[in-house]
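Could you build all of it, start to finish, from the sequences and the hints given here?
Those sequence lines, one after another, are chains A and V.
Note that numbering that gives the first Met the number 0 gives residue 246 to position 247 of the first sequence, counting from 1, and the numbers run on in steps of one.
Note that numbering that gives the first Met the number 0 gives residue 177 to position 178 of the second sequence, counting from 1, and the numbers run on in steps of one.
Derived from the structure by calculation, the hints contain no laboratory data.
Source: prediction; values computed, not measured.
Errors might be hidden in some of the hints.
Said to hold, decoys possible - Think about it this way: if two alpha-carbon atoms lie no more than 25 Å apart in a straight line, the pair counts; the simulated PhoX-like pairs of lysine-lysine are:
#1 Lys226/A x Lys302/V
#2 Lys170/A x Lys302/V
#3 Lys270/V x Lys363/A
#4 Lys383/V x Lys302/V
#5 Lys323/A x Lys297/A
#6 Lys200/V x Lys157/V
#7 Lys363/A x Lys297/A
#8 Lys200/V x Lys103/V
#9 Lys150/A x Lys110/A
To be verified - Just a sample of chain A residues kept apart from chain V, beta carbon distances all over 10 Å, derived:
#10 His32
#11 Glu158
#12 Asp173
#13 Gln225
Backbone N, C-alpha and C fix where the C-beta goes; we use that ideal spot for every residue, glycine too.
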Amino acid sequence: MTELSKTQAAVGEPTATSPAPTAFLEVRDLKVHFPTDDGLVKSVDGLSFQLERGKTLGIVGESGSGKSVTSLGIMGLHTAGQYGKRKAQISGEIWLDGTELLSADPDHVRKLRGREMAMIFQDPLSALHPYYTIGQQIVEAYRIHHDVDKKTARRRAVEMLDRVGIPQPDKRVDNYPHEFSGGMRQRAMIAMSLVNNPELLIADEPTTALDVTVQAQILDLIRDLQKEFGSAVIVITHDLGVVAELADDILVMYGGRCVERGPAEKVFYEPRHPYTWGLLGSMPRLDRDQQERLIPVKGSPPSLINVPSGCAFNPRCPYADVPKDDVTRTVRPELAEVGSRHWAACHMTKEQRERIWTEEIAPKL
Amino acid sequence: MSENAKDEAVASPAPSDGARREGVRGDGGILLKVTGLQKHFPIKKGLLQRQVGAVHAVDGIDFEVRAGETLGVVGESGCGKSTMGRLITRLLEPTGGTIEFEGKDITHLGVSGMRPLRRDVQMIFQDPYSSLNPRHTIGTIVGAPFRLQGVEPEGGIKKEVQRLLSVVGLNPEHYNRYPHEFSGGQRQRIGIARALALNPKLVVADEPVSALDVSIQAQVVNLLDDLQEELGLTYVIIAHDLSVVRHVSDRIAVMYLGKIVELADRDQLYKAPMHPYTKALLSAVPIPDPSRKAAKSERILLKGDVPSPISPPSGCRFHTRCWKATEICRTTEPPLKELRPGQRVACHHPENFEDQAPQDTVLLSAAKEAAELVPEEELAESAKTSAAVAAEVEAAGQAPAADTAAAPVQESGRKSGQEPGGKSTDG
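Here you go:
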């Protein structure tokens, strides 16, 4: 990556509140809460980030950290669905290419969905309709946004299937989803989401359901297509290997909030949040010599109804007592700059974090 | 399964411990020995439910598990690894082959015949949500093995169950709780406690951590490690995650379409994989290191999908996707043979070793297509290492090994008079 492209890359200053976004996609203080019988589930609780065209943002976190809820929030799919009789409560701002989506007319957002922004889902078998052929589904996605006849749309569908590497696309276009293998279904999903040349592509665990050799094919495909189409891509995953392959910037989520974000190299080589350390330590790695033991994070992820007070990670953090005055248990840490374009939400001082990383964590990884 | 491979397996009971690391686990005797194991699931059609075909889920595999070691089994979905796990725990009836546990043939034992053995062979399941009965308390679940086997532990079942719960890192006071009150990681611990209740000798774990989050996964992996050390357990761990398998295993079997294609000591397998499929599988794992993003070229992409196990390809099952496949690969099935101490491979043209069928040099057309997806450097390197090893082997005067290696080629009406060498680069 050149110095120039770095300066105009995906993640910017998170605290800005002025209503003139310069980035292609800007999310400000996004909150998605779901009222339930047990209480308010704060799935996403104040998330901000920016993303430029042609860049990839990787969102990493464990199950229940709010990754997928964020992506559905950007796509505007929460207000459409009802949860019992109660809707999701969404606040904040989502700016896509100069348009604020949360306050926009739902009809307008519907026009953008699929055309400006598209999504690849985790499980292609449940995301594709079993009653319609692959071709019909892609044609439908194309004709909603383009006033063309069926023949033209079909040609476009075949072209897209060919582009994503499906053999004999002119025959396969008339197959049903069950006639495709897992990898091919995911390719068909990608073809469908790219048929309108969207500028923002959200891939929610795009390879989790796939085998490792197929995963390699799909990751290569996503990377090549991004180069070709120049879209902005958000990859949501729990697999740090996948993010490392694709992402320019990484956002680590925990308990519905961002705990660390910055350029991929920074987050991997100089992580500044204990949770990121925990993730890196609990992962067996093929590129290193055998570790004697993994270093797991103790405990389990927090309930989103009763997020621990103070820093949400404090009950599992081995360094919760490093900052003075019990501040980790009472005050919620805000994202603070810890390096150029690199933020972390932790109460420890810069010196403390750097010392712990270099002396205690890095040697064990 | 060719006779050749069977003989090989019988003739080599743990021959090569010299090459293993010092203080390694698994130097005990052979606990489990599997020979020519097969499982075909019939496909029935029509009114009369006539059998029209079969899914060759496991199609002739040989391996042994030594007491105290961990054998990892890896492969993609549909390669038969879970079926294999269910066969050796006798949850499924094998179609052919034999399974010996501590020297006793258990291949066709019935339910009552297996009952005493169930104490010694236990299983940990993949999904901690569906493998625990939601209407039973943890005490009932973990205590069930004692009741079923009629074992009365010292101090009573309840006390023993509470001890087990604390062994796996759960609070003994959770005795009266129900599974839904626990998180995924905790449930997996309950499953482990149940498997350990009767002090088994062999524990078969089918994807024990794949349903868990990364941070929890590490907790469970460490727990399995500790328990093995404390209780001297023998594990067969089935998983698709190659980095987890490397972390937990002493030896690793790689499966493809119902066959073991490579079975080797862990370090050898990861440092110098000999089967092209193993090599492709290893290269496909995404490495959590952003500086490798540019190094995309290192990766070997496989063409297409795994063929159907209903009608697996002839000869070597990998030949439809292999970039080194030649005529012999299509016609003759390569036997699983020990090419290097502690490393058994089923391949005519192995990587990092001398060619087993050097006379056969013309690539199949499918292989030429597949080779386009393999980085140039990889091809060059593999040709180089193969040549180097061949020279080394000749210099060491191990002619007998080379003779037996060439044997299957002579049987198989090979094409003669083709240009020697440079086979893997002429794609």
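Structure-based check of each hint:
no.: 1; hint: Lys226/A x Lys302/V; in the structure: holds (22 Å)
no.: 2; hint: Lys170/A x Lys302/V; in the structure: holds (19 Å)
no.: 3; hint: Lys270/V x Lys363/A; in the structure: holds (22 Å)
no.: 4; hint: Lys383/V x Lys302/V; in the structure: holds (24 Å)
no.: 5; hint: Lys323/A x Lys297/A; in the structure: holds (22 Å)
no.: 6; hint: Lys200/V x Lys157/V; in the structure: holds (23 Å)
no.: 7; hint: Lys363/A x Lys297/A; in the structure: holds (17 Å)
no.: 8; hint: Lys200/V x Lys103/V; in the structure: holds (14 Å)
no.: 9; hint: Lys150/A x Lys110/A; in the structure: holds (22 Å)
no.: 10; hint: His32; in the structure: holds (22 Å)
no.: 11; hint: Glu158; in the structure: holds (21 Å)
no.: 12; hint: Asp173; in the structure: holds (19 Å)
no.: 13; hint: Gln225; in the structure: holds (12 Å)
In terms of the numbered hints stated before, the structure departs from none.
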